[in-house]
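Visitor: With chain G fixed as given, assemble chain L onto it according to the hints.
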Amino acid sequence: MQLVEATGLVKTFSRLRAVDGVSLSVSRGEVVGFLGPNGAGKSTTMKMLTGFLEPDAGTASIAGHDVFADPIAARRRLGYLPEGAPAYGDMTVADFLAFIGRMRGLSGTLLNDRLAEMVERVNLTGVWNRQIDALSKGFKRRVGIAQALIHDPEVLILDEPTDGLDPNQKHDMRELIASIAPGKAIVISTHILEEVEAICSRVVIIAEGRVVADATPAALLDAAIVDGIRPSLETVFRSITGSKAA
Amino acid sequence: MKTSLRTIALVFGREFRAYFATPLAAVFLLVFLALSAGLAFFAGGFFERGQADLGPFFAWHPWLFLILMPAIGMRLWAEERRSGVIELLMTLPVRVHEVVIGKFLAAWAFTAVALVLTMGFWLVTLYLGSPDNGIVAASYLGSFLMAGAFLAIAACISAMTKNQVIAFILSAIVSFLLVMSGTDLVLAALRGWAPAAVVDLVQSLSFITNFDRLTRGVLEAPAVILFLSTIVLALWINVQVVDAKKAA
Numbered sequence: 000m001q002l003v004e005a006t007g008l009v010k011t012f013s014r015l016r017a018v019d020g021v022s023l024s025v026s027r028g029e030v031v032g033f034l035g036p037n038g039a040g041k042s043t044t045m046k047m048l049t050g051f052l053e054p055d056a057g058t059a060s061i062a063g064h065d066v067f068a069d070p071i072a073a074r075r076r077l078g079y080l081p082e083g084a085p086a087y088g089d090m091t092v093a094d095f096l097a098f099i100g101r102m103r104g105l106s107g108t109l110l111n112d113r114l115a116e117m118v119e120r121v122n123l124t125g126v127w128n129r130q131i132d133a134l135s136k137g138f139k140r141r142v143g144i145a146q147a148l149i150h151d152p153e154v155l156i157l158d159e160p161t162d163g164l165d166p167n168q169k170h171d172m173r174e175l176i177a178s179i180a181p182g183k184a185i186v187i188s189t190h191i192l193e194e195v196e197a198i199c200s201r202v203v204i205i206a207e208g209r210v211v212a213d214a215t216p217a218a219l220l221d222a223a224i225v226d227g228i229r230p231s232l233e234t235v236f237r238s239i240t241g242s243k244a245a
Numbered sequence: 000m001k002t003s004l005r006t007i008a009l010v011f012g013r014e015f016r017a018y019f020a021t022p023l024a025a026v027f028l029l030v031f032l033a034l035s036a037g038l039a040f041f042a043g044g045f046f047e048r049g050q051a052d053l054g055p056f057f058a059w060h061p062w063l064f065l066i067l068m069p070a071i072g073m074r075l076w077a078e079e080r081r082s083g084v085i086e087l088l089m090t091l092p093v094r095v096h097e098v099v100i101g102k103f104l105a106a107w108a109f110t111a112v113a114l115v116l117t118m119g120f121w122l123v124t125l126y127l128g129s130p131d132n133g134i135v136a137a138s139y140l141g142s143f144l145m146a147g148a149f150l151a152i153a154a155c156i157s158a159m160t161k162n163q164v165i166a167f168i169l170s171a172i173v174s175f176l177l178v179m180s181g182t183d184l185v186l187a188a189l190r191g192w193a194p195a196a197v198v199d200l201v202q203s204l205s206f207i208t209n210f211d212r213l214t215r216g217v218l219e220a221p222a223v224i225l226f227l228s229t230i231v232l233a234l235w236i237n238v239q240v241v242d243a244k245k246a247a
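Here the protein sequences line up with chains G and L, keeping their order.
First residue of the first sequence? That's 0 in numbering that gives the first Met the number 0, and the numbers climb one at a time after it.
First residue of the second sequence? That's 0 in numbering that gives the first Met the number 0, and the numbers climb one at a time after it.
Only chain G is shown next, with the shape it has when bound in the complex (with noise of 0.2 Å):
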C-alpha cells in the first residue's frame, strides 16, 4: 500500500485551472520534493492531499484512507505544515503544541513524552515558554514542523518548510527531516532546488497544474546530459518549465 496516493486531482478556482489532474504516489521511506514555479499549482495539490480543499475530480488518500470519504482516519495518520507555517500567535509554543497534541487525541504521559520529544528533535528549548508572535521566522517554522510531528504520523506534507530561513536553519530542517524520513512518507514543496539534492529521494516536478517531472534527482539529471556533461538541476527545472511558465 502506498501511503499517499492521489489520481486525476483537478481543482479550478473561478475560470483558472489551478491543477489538472495531478497524480501521484508516494511509498513509505520515500521523501519527495514537489518542484514547480510560483502558482504552478503545488500548495493545491497539498491542500487537497490533506483534505482540506476538495477536488473538483480526482481522489486522495493517505494510508488507504480515502481523504473525503474518511476524512478523520486519513487525518490522524497525517502531519501538515501550511503554507507559512501558521500558529495561534497568542499562545505559548508550550501550550500550542500541547493544544494539537490534545485535538489529536494524546494526552497524559503519551503527550508529555510527545512533547519532550519535540523540544529536543525540533530544538525548542529557548522558546517553549515564549509567545508564538514575538518568534523569529526560524522558530516559527519549527513550532509548525513541530505540530506536524507530534503524534508521530506516517505521512508528512510540508509547504515550503525552509522559507525563510537563513543557511542555518535551513541545514537544521533538512538533517531534521531527514533523520525522521525513514519509516514516513514526506512530501516538500521547495523551490529551492539544493534542498532537492539533499534530501529527496524523488522529485516531482509540476507546471501549470500538470506533472511534468517525475524521478529521482539522478535520473532526472542523467537525462538531460548533454554532451557527456550533466546539467545543473536548476538548469533542468528551468527547461522544463521555463516554456510553460512564460
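Just so you know, the hints here were simulated from the structure itself, not pulled from any lab data.
A virtual CB, placed ideally from N, CA and C, is assigned to each residue, including glycine.
Derived CB-CB ranges, DEER-like:
#1 G:R14 with L:L140: 46 to 56 Å
#2 G:L15 with L:S3: 33 to 43 Å
#3 G:R209 with L:W235: 31 to 41 Å
#4 G:G38 with L:G191: 50 to 60 Å
#5 G:A93 with L:V30: 30 to 40 Å
#6 L:S3 with G:N111: 19 to 29 Å
Guide: Positioned in the frame of chain G, the structure of chain L alone reads:
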C-alpha cells in the same frame, strides 16, 4: 452525527483563554460595565424612577449587544482565515461542527462573565429596596439568551470573511435589523402594504419584543425558543460556510 465532546472542550478552552490573552477582555468588560451602568443611570433614570428594579438596566441590552456581541464574535473565524490557522485546524482529526460549537460556547461564556460582573446592580437594588428577584433572574436569563443569538450570528458572519472589520459591520447590521424589526417604526412602515401575517411574523422575530417579554418576568416559551433556535440556525449555517469556503 458523531460528536467528540473532548474536541469541543479543547476548542472551548483555547478560545476562552484567547479572550484573556490580550487586553481585549479587560477593555471589553470595562466598556460593557461602564456603558450598561451609564445608560441605566443617566438615560434610564435608574434613581429618579424611585423603584428598586433593574428595568432601566436591562432595557438597553438589545442596543448594547448589537454593537458589543459582533465585537466579541468577529474574530472567531475571520482571524483563523487571515492567519491561515483554519488550514491547520481543518486538517486535524476533528469535525467542523465540533469546532463551531466550541468557539461559540467560548464566546458565550465570555459574555456570561460580563453579565455576572454586572450583578453588582442587583446587589444595589437589594440594598435600596426589594426588587422582584424572579424578574431579575428571568431578565438575566433573557439577556444571556439574546446575547447568544447575537453571538451565533456574529460567529456565522465571521466565517464568511477574513476581515474582522467587515465581519463586525455586517454582524452589527444584521443584529440591528433583528432589533429594529419589533419597533413601531418598522412595523408602521410594513402595515401600510404588507399582509397582517407578515407584520406579525416580523414582530414575532424581533429580539427587542421577545427580550421585553422575558424582562417582564414571564418566562415565555416562544421567546426562549426564538433565541435558542436562532443560535442553532446560525451555527448550522456557520458549519456550512466553513465547509464550503475553506479555500478563501
